[in-house]
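One line per chain: the protein sequences are P and Y, in this order.
With our numbering, letter number 170 in the first sequence gets 170, and the count goes up by one each step, no holes.
With our numbering, letter number 58 in the second sequence gets 58, and the count goes up by one each step, no holes.
In short, the hints are calculated from the structure, not lab data.
All residues carry an ideal CB built from backbone N, CA and C; glycine is no exception.
Some hints here could point you the wrong way.
As the list claims (entries may be wrong) - Some chain Y residues close to chain P (C-beta under 7 Å, calculated; not the full set):
hint, residue
1, Tyr187
2, Ser194
3, Leu200
4, Ile211
To be verified - Estimated spans, in silico, between C-beta atoms of each pair:
hint, chain 1, residue 1, chain 2, residue 2, range
5, P, Thr84, Y, Trp11, 16 to 26 Å
6, P, Val120, Y, Leu195, 29 to 39 Å
7, Y, Ile174, P, Pro147, 45 to 55 Å
8, P, Leu21, Y, Val63, 50 to 60 Å
9, Y, Ser90, P, Gly119, 47 to 57 Å
10, Y, Gly209, P, Lys275, 22 to 32 Å
11, P, Ala148, Y, Pro130, 45 to 55 Å
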Amino acid sequence: MKIFEKFLNIDRRIIFLLILLGVAIPLIWTLGFNLEVTENVQSVYTMLEKIEPGTRILISFDYDPSTKPEIQPMALALMQQAFTLRLRIIATALWPMGVQMCNEAFEKVSAEYPNIEYGVDFINLGYKSGGMVTINHMAKDFRSTFPADAGGNPIDEFPIMKGIKNFDKIGCVISLSAGDPGLKQWVMIVHDTFGKPVAGGTTAVQAPTMLPYVNEQQQLVGLLGGLKGAAEYELLINKPGFATKGMDAQSVAHLIIILFILIGNIGYFATRKQKDNLKA
Amino acid sequence: MAILMDRIGIWIGVFLTFAIFSFLYKDNPFYKIAEQIFIGISAGYWFIYTIYNILIPNLFIPVTSDFTHNFILLIPAFLGILMLCRLIPSIDWVSRYALAVVIGTTAGLFFKRYLQSDVLNQLTATMLNPFASSNAVQIIGELILIIGTLTGIVYFFFSKKHEGAFGTTAKIGIYFLMVSFGAAFGYTVMARISLLIGRLNFLLGDWLGIIKP
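Use the sequences and the hints to build the structure in full.
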């Protein structure tokens, strides 16, 4: 029975070490676990596929470097798909560091699409404080909310902004969100008030709180939840990247955690039975 | 020069990463240093960011360039100053006026939105005919959605003692809640592992060059 007691007293540092190895090894040597696309992710992909080429879509970068490993792969995959479909991207940020996240993503993606031109196919309008109030104001007067792009140049100089006064000429809104303000606020204003399709990508922590919005009412068209959502999207656009690679490590880490949960439970129930017998 | 600065940046990042991870072994001075650097830099960064990206473009420039059309901005500026009065104990009560305006405005502006999105639309999404679909999986899924919603709500009804049929319904609600907590916990684990993957990708890729970042 001593072995069961040992199960309950495993040094936590051993668990940390095993998790570290479980994550590091698959990053070095790819294991290639199978990945299936879920309906929520497929819906986002299909939504973009159905939009006419040349249409402007709005992507909001509502996250910062602390959640970059989860959300940046989504941004890259969505931008790649949008540029492949010849959709034009208007980028905004409700989080200050979202501006840099957007610039970084555009720099990386634009290297693959040499014909993409800033101001014509893409624009970064930068950060605006205010959350829901800002979105509401965009719906009423887009130009006074964002009179200039992130570099301080008046938006009238850019062809991509021609005719944009509110959300009327925006095909859809996608919020890549790590919290508040973020996806929920976009749903409330853009879909629930103005009826425009909204989709999003969130951190895994936030995903369960946003999933109820993917419903019959189509408050959210679809949702990319955490690294898995990003990996599924990479699979859909057929461009495996960081998220796909990360899912191998993610799966191994989960297996280790499940193993330790089982060990802990076996140890708990075995020693409890022993204690009950002693009491009797 | 740019490459050298890049390398220095990576080495600082590596040092800070190891300093933070060292806490997993036990608390130590390196962890404390990294923690204090993080807090200090964050506070400094936000202070400067607020001045240059919020106060200057939204207040100082409009007021100084066109006072006649923008003098109304002095009201939120004044409320902002009132908020800072919290730092002076003898007049900290003044900040309550600013807080009252913020809370009142937020409640007024957002009440309708939250009612529409979180109550009406969510309720409408649950009021569905589960047998409308010909797909068995979808029918079962929608039945689970309806039962889960109703029993979950019953659990939170505390004005009647949870016993008999009512208690059984509430107990079923607890199971649904436990499943949702479990799913949330699973997602949280995934998020934390994702952050570890990000750090290891940096260490193994950007620093050691073993993997392609």
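Hints and how they fare:
1. Tyr187: This interface hint holds because 4 Å falls under the 7 Å limit.
2. Ser194: Holds. Min distance 4 Å.
3. Leu200: 5 Å, holds
4. Ile211: 6 Å, holds
5. P/Thr84 to Y/Trp11: 16 to 26 Å: 38 Å, violated
6. P/Val120 to Y/Leu195: 29 to 39 Å: About 36 Å separates the Cβ atoms of valine 120 of chain P and leucine 195 of chain Y, which means 29 to 39 Å holds.
7. Y/Ile174 to P/Pro147: 45 to 55 Å: 53 Å, holds
8. P/Leu21 to Y/Val63: 50 to 60 Å: 58 Å, holds
9. Y/Ser90 to P/Gly119: 47 to 57 Å: At roughly 54 Å between Cβ atoms, glycine 119 of chain P and serine 90 of chain Y fall inside 47 to 57 Å, so the hint holds.
10. Y/Gly209 to P/Lys275: 22 to 32 Å: 53 Å, violated
11. P/Ala148 to Y/Pro130: 45 to 55 Å: At roughly 51 Å between Cβ atoms, proline 130 of chain Y and alanine 148 of chain P fall inside 45 to 55 Å, so the hint holds.
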